[in-house]
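Novice: What follows is the residue order along each chain.
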Amino acid sequence: MLFNRNHKTGPVTRAGRMALAAFLSALLAGNAMAQDPKTVPDVTAMSMEDLMNMKVTSVSKHTQKLADAAAAIFVITQEDIRRSGATSIPEALRLAPGLEVARIDQNKWAIGSRGFNGRFDNKLLVLIDGRSVYTPLFSGVYWNIQDVLLEDIDRIEVIRGPGATLWGANAVDGVINIITKPAASTQSAIVKAGAGTEERASGSVRYGGKMGDDTHYRIYGKYFDWGPSNYASGGTAHDAWDAIRGGFRADWTPAGSNSLTVQGDIYRSHYDETLTVPNLTGPNYSSTFPNDGEYSGGNILARWNHTTEGGSMSLQAYYDNTTTVDHMLFEDHQNIFDVDFQDGFHAGNHQQFLWGLGYRSILDHNHSSFTVSLQPNQVNLNQFSAFVQDEISLVDNRLRLTLGTKLEHNTFTGFEVEPNARLLWNLSPKQSVWTAVSRAVRTPALTEHGLRLNSAVIPPGTLSNPYPFPAVLAVFGSHQFNSEDLLAYEFGYRMQATSNLSFDIATFYNRYSNLRSAEPGTPFVEGSPAPTDLVVPFVAANKMSGGTYGLELFADWKVIPRWRLAGSYSYLQMDIHKNSDSQDPTGDIPNGSSPRHQWYLRSSVDLPKHFDQDTTLRFVDHLPGLNLPGYYSLDAHLGWRPVRNLELSIVGQNLLDNQHLEFLPDFVNTSPTVVKRSVFGSITVTF
Amino acid sequence: MLRRLGILIIALSLSLSWAPGALAQDSSDSSEYLIKAGFIFNFAKFVEWPPTTFAQPDSPIVIGILGTDPFGTIIDHIVQDKKIGGRGFVVKRLKWGAEAKDLRECKILFVGASERAHIDELVQIVKFLPILTVGETPGFAEHGGVVRFVLEDNRVRFEVNVDAARQGGLTISSRLLTLARIIQQAPADTRKPG
Chain A
1 MLFNRNHKTG PVTRAGRMAL AAFLSALLAG NAMAQDPKTV PDVTAMSMED LMNMKVTSVS
61 KHTQKLADAA AAIFVITQED IRRSGATSIP EALRLAPGLE VARIDQNKWA IGSRGFNGRF
121 DNKLLVLIDG RSVYTPLFSG VYWNIQDVLL EDIDRIEVIR GPGATLWGAN AVDGVINIIT
181 KPAASTQSAI VKAGAGTEER ASGSVRYGGK MGDDTHYRIY GKYFDWGPSN YASGGTAHDA
241 WDAIRGGFRA DWTPAGSNSL TVQGDIYRSH YDETLTVPNL TGPNYSSTFP NDGEYSGGNI
301 LARWNHTTEG GSMSLQAYYD NTTTVDHMLF EDHQNIFDVD FQDGFHAGNH QQFLWGLGYR
361 SILDHNHSSF TVSLQPNQVN LNQFSAFVQD EISLVDNRLR LTLGTKLEHN TFTGFEVEPN
421 ARLLWNLSPK QSVWTAVSRA VRTPALTEHG LRLNSAVIPP GTLSNPYPFP AVLAVFGSHQ
481 FNSEDLLAYE FGYRMQATSN LSFDIATFYN RYSNLRSAEP GTPFVEGSPA PTDLVVPFVA
541 ANKMSGGTYG LELFADWKVI PRWRLAGSYS YLQMDIHKNS DSQDPTGDIP NGSSPRHQWY
601 LRSSVDLPKH FDQDTTLRFV DHLPGLNLPG YYSLDAHLGW RPVRNLELSI VGQNLLDNQH
661 LEFLPDFVNT SPTVVKRSVF GSITVTF
Chain B
1 MLRRLGILII ALSLSLSWAP GALAQDSSDS SEYLIKAGFI FNFAKFVEWP PTTFAQPDSP
61 IVIGILGTDP FGTIIDHIVQ DKKIGGRGFV VKRLKWGAEA KDLRECKILF VGASERAHID
121 ELVQIVKFLP ILTVGETPGF AEHGGVVRFV LEDNRVRFEV NVDAARQGGL TISSRLLTLA
181 RIIQQAPADT RKPG
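Chains A and B are the protein sequences, given in the same order. Here this note's numbering is used: position 631 in the first sequence is 631, and no number is missing along the way. Here this note's numbering is used: position 76 in the second sequence is 76, and no number is missing along the way.
Okay, chain B solo, but in the shape it has when bound (with noise of 0.2 angstroms):
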């Protein structure tokens, strides 16, 4: 009974992943992207970008991810009709190669862990750009990127560089601070394997 009981299990499990288009939906019923695109939508609040960089009073907070998209359709379903400061949410994503201009377009650009390869030549042509760029992979912060998740104790907490912002011409509000963790570019030895 135990044996046949293993291989149910095993059987079952097994299913759910190889149902098609379960891959696709698998990504987005992790609560993990849950909440972060809930925390993605807190930075929209307690972050300030510089006057000029929206067009009109209403122009939409355009939020980017860049890479294998982790969020699914989880991201458009929790902004949608949400405004903040009078300003709607539009989610587009990117590929790497895209243009600069589909790139400068994003206040807010979520870096997926595909993109890891990109992640100081991404850093060199934003630094100076508005754009908070939020990772989740070791050493995203320290290379320059703005917010990283990190995962503790299956709890969803946050690193913050608070130099990348300042360059990038954002302000974060202090409610946004005390509860990061403040990195500043650490040294790191690059060598890697593969």
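Looking at chain A on its own, in the form it has when it is part of the complex (with noise of 0.2 angstroms):
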């Protein structure tokens, strides 16, 4: 009625003024209620249990938690993924600002920070629990085998920006940290089924108990199976796949000032992917087929954390096993141990010290094809870091600033390091203003040392190619590869204007230096594998250097008790180029492969009996160095509790348009396929 674009006078016009006046009364009552005390309900009198079911109806979740941070975080809350429907962890990362997540087919996914994003990109730090699942092969992320029972996610914190004085080299763009529950939070059994019209069926059970008053622990078993996506030329594509995974979380918290926490998961995963690789024989030189691969693995973390009479310390030591077998391109074996000790301690009223060591051990064996191959076969690398930084509090505590820095040592490139200085403003009990300067480094991946990966054949006797035999378009690594760097300046403002609307933003500008290139060789003629072939090289250089800068925009609006607004919105801009000694031919791309605008408005409705709403508009610009364009996304979710141990949930995603492509693949040459409309619902029961 509101919304009515007839401009009809009338009947309409005046139900539309009445719900305007209701509205706004709904509005205005919040208020009113607490200046009047009588109309205030006598919670002296009201019992324990009463009290624990009173609805809460304004509350400032966001600015409790951040606003002492001086860097661009975005908390995502167990609530926020419960009802936007989100399945898998890429899913839920669409609703931090500023990053940005395409899928590439039904098990890839391009996630990234502040541009560069694509399947490899290698620009932003991920943890689970402290353990961190940034792959050295690539210096990425398997995004597809990054999982965890959602219910048991606490939250996942979200920061845009260089991280890299705290959390290390590679945290150049951004740091996801994912965290668990406590066992003790998470003492119910489980049992989730669901089934949609992509994913087509899942299940996950967890139980979690207790030994004695001071051991906690949780059991998860999880699966799922996606069913396949199609082309964008339409049919049906290739790329169905299906996971299952399993692992537990103990904690040992005595009386007393030790504690320590075990935790561990094993997966495996089947996928399909159509490949195109290219080929030294006729007539086409290259081939298109189906495809399929594994991954599997398992992790084991310890931490023992001690407090203090002045502070707290932790020694935290982690396995971890993966192994990605891609049929007919690539086979690696990764094995990561990690040892890293932290502690933190006050000197004087005014200073707060955190330092650290830390030390990895990468093992890594791998077998090659011909597409791709990797040298040496097996290798060993050994990291060693520390960092220190201190916390100022001045100004009667208004002014906060922090100086720290990591120190580094890599087999690559030897030593790095990584300074970094944080201000914080607190310029009222409501208003926070922030700064800082921060430099990072990215680190050689295994792939930028040893690689050969082949691109593309040119068949003999064409005019790109007058020679008798075929060309290999091939990309080299380098021993001479060196580290990326970044130089980050950044600027932050938070409001919490009323108790029920706040906002932040951020906003940065990034200089970088020595971002890799691919610089050609001299070609050479290849007498084996037969037949002869000529072959052109590509090898990986640091020539390429530019800056980005852009801001991110949040706000959050508790517009009525019952409904929830929230909004973001991100502007980037790259203007990345080659150096002036770059022949490089592809220099364009990363400045066309992130959107330069992205958006989302989301409304969390509490509806009556116990149902809640949540409903998500999303814009992603479109993509130039791509070539796709721009697309909208409507999600919707409806979720119900009947009864406290049972919860119903709906959700339909990409609503508004039958499908669209996301981004392409770089690198290794599988089909992408589009996102589709779809639905999918689930049933949890709680014991």
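The hints are simulated quantities; they were obtained by calculation from the structure and are not laboratory data. From the three backbone atoms N, C-alpha and C, an ideal C-beta is built for every residue, glycine too. Among the hints, erroneous ones may be present.
[What the hints assert, rightly or not] To list a few chain B residues with every Cβ distance to chain A over 12 angstroms, as calculated: (1) Pro51; (2) Val62; (3) Gly85; (4) Lys92; (5) Glu99; (6) Leu129; (7) Ile182.
[What the hints assert, rightly or not] Here are the simulated distance ranges between beta carbons: (8) A:Leu601 / B:Pro57: 39 to 47 angstroms; (9) A:Gly212 / B:Glu121: 44 to 52 angstroms; (10) A:Arg644 / B:Ser173: 52 to 60 angstroms; (11) A:Asn377 / B:Glu152: 37 to 45 angstroms; (12) A:Arg562 / B:Pro50: 52 to 60 angstroms; (13) A:Arg562 / B:Gln80: 30 to 38 angstroms; (14) A:Thr308 / B:Leu177: 45 to 53 angstroms; (15) B:Gly169 / A:Thr323: 48 to 56 angstroms; (16) A:Phe415 / B:Arg104: 46 to 54 angstroms; (17) B:Pro50 / A:Thr308: 20 to 28 angstroms; (18) B:Arg104 / A:Ala189: 28 to 36 angstroms; (19) A:Asp396 / B:Glu105: 16 to 24 angstroms; (20) A:Asp396 / B:Glu152: 32 to 40 angstroms; (21) B:Leu177 / A:Pro376: 53 to 61 angstroms.
Two chains, two frames, a set of hints: combine them into the complex.
Specialist: If you want it as structure tokens, here you go:
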């Protein structure tokens, strides 16, 4: 009624005005109630159980947690994940302002922050409960195997911008911290089953319990199966996948100052893809065929925490194995052993120090194919790191200056230093301003050192290749490949305008140097494998540089007690170019692989009878470097908790259009598939 | 019409926020803190302090609010003229850096979100004192606070660190404990941004 465009006079307009009046009086009622103490319920006459059943009508969640952070941080809560209908970590990450999340096919994503997005994006560090899931193979993340039971996630902290001082090299444009709940918070048993049009079936089970008073644990198992999507040109694709996973967490928390956590997971996943590889024989010199592969692995982590008079310290060690077998392409076995110690203490009334030491050992062995080969086949890398940070409170705690630096040593580039300085200024209890300057470094990946990737073959006797043998365009790593550098300047502002409305804005200006480029080398003739061919090499070098700048804005508004609106807008301008001594033919692509604008608007409504409804409208701008148009996506979720232990949920995604492409593959030529309109429903029972 | 409506709604909500004095009142008209004030009143009912804590049989229960006060006049209103076990209530506002004497006077100490950075230090000071520390920031209970309010599905819940209570000499009635989530010193990664 309110949004009637016909401008009819008479009953419609009157009804419109009445609705507006009712709407506004509801808006004002929230404020009016408190000003008259007589209408306030007498909470002292209520029992504890009654108090626990009362619904809170206005909350200022965000600023309580984030007001003190001098960084562009966004926290995705468990409630956000549940109500968005996301069933995987990548889908949940769409809620963070400034993150680019693009689906390449059913089992591959390109996720990045502040530019440089790609399947093998290397500037984002991701951790799950303190364990880094960044693979040194290509300095990126295998998103399809990063999975936890979503109900056990406490929150996901998304920090855009460099986090190198605390988190180390490769936390160049962002850090994503996935934190699960302690075992004491997951003592119930849950069984969840779901089915849908894309995610055909899924099931998960979790059981929590305790041994004595001091030890709590949980164990879980989950399985899911996705059907294939379609090609952009139509027709069913070959990109189905499934995964099975299980794990546990145990926390020992006796009285006193020590506590211990042990957790681990194992998983196995099988996936399909359509792969195109070049070959040396005609007539097409390339073949496209259905391919498949497996990921499997496991990890175990232990963390000991000790609190003392002045602070606390922790010692963490983990082992992680990731095995990827991509039939016809590449097989990699990666073993990582990591030990990390950190200690925090107060010095005087105004300073808080944090320092730490770390060691990581990486063992990798691989098997090559004609298309992808990595030398050496077996490698052992050792990394050492140390960091120190001082947080200084000034001016009656209104100003907080943080100075810190990280020093690392790695096998490829030796020593790296990553200092940063941050300043937080609490203008008032409701407003704060922060600024930061940081240096971050992205160290070389195993592939950048020793890869050979045959990208394409140009047939003999053609215009581009007049020779009588095929010409292989091949990308090579180089032992001379160096670290990429970033100097970042950031500024942000937060305001809690009312208890129902808050704003958060973060801006940045990044200067990059020594970015990866591919320089043409001297072609050479290769006799084996037969037949003879001419190799045209493109060798990895560090001859790109430039700047990026942008802003991320987030607003959170509790319009009326049962209705929350959240909006996010991000702007990114990239000006990356090759250096004057570079002859990289693909220099412009990074600028065009990230969207200039992204925004979303999310409405969360609490309906009567224990229903809750969320709707999200998203826009992602076009990607000119990939020739992909921008798109809108509308997702809607409905949840229902008819009784305390039962939850039903149904979510529809991409409701506006039938299908759209979000990204294209890079380096490995798999066929991209579209993201289709889909529906998924689930039932969760708690015991 | 849609556009004008949108502008009207935004203008109205902004005017509500910029009205003089509105900022302070806004925090008290949130029923979240009304409910939490109700809980604090109930905590006084179900917590026993050691007999030597109170000088006289009718010495008041002092509720201290440390840092930025999210309650406003709500908490003063609800405890006014109420008595538990013959004791009335007194509400005091404290700033960090207050004399240790002022802190020790409190039987219940609410630690505001603005004091997040001082929690570890505060816990060291009051660990063995019979003070029921109440907070609402993440990790409050794990770091040694006795009670932490948590919002779940828009309802107020609370966690209790029984060891912290025990160390302070407080006895918490099982009636309260059955409704609470029990927290023990859980391991935490102290790295955080900024």
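Novice: For this structure, which hints from the list above don't hold up?
Specialist: Structure breaks hints 7, 8, 9, 10, 11, 12, 14, 18.
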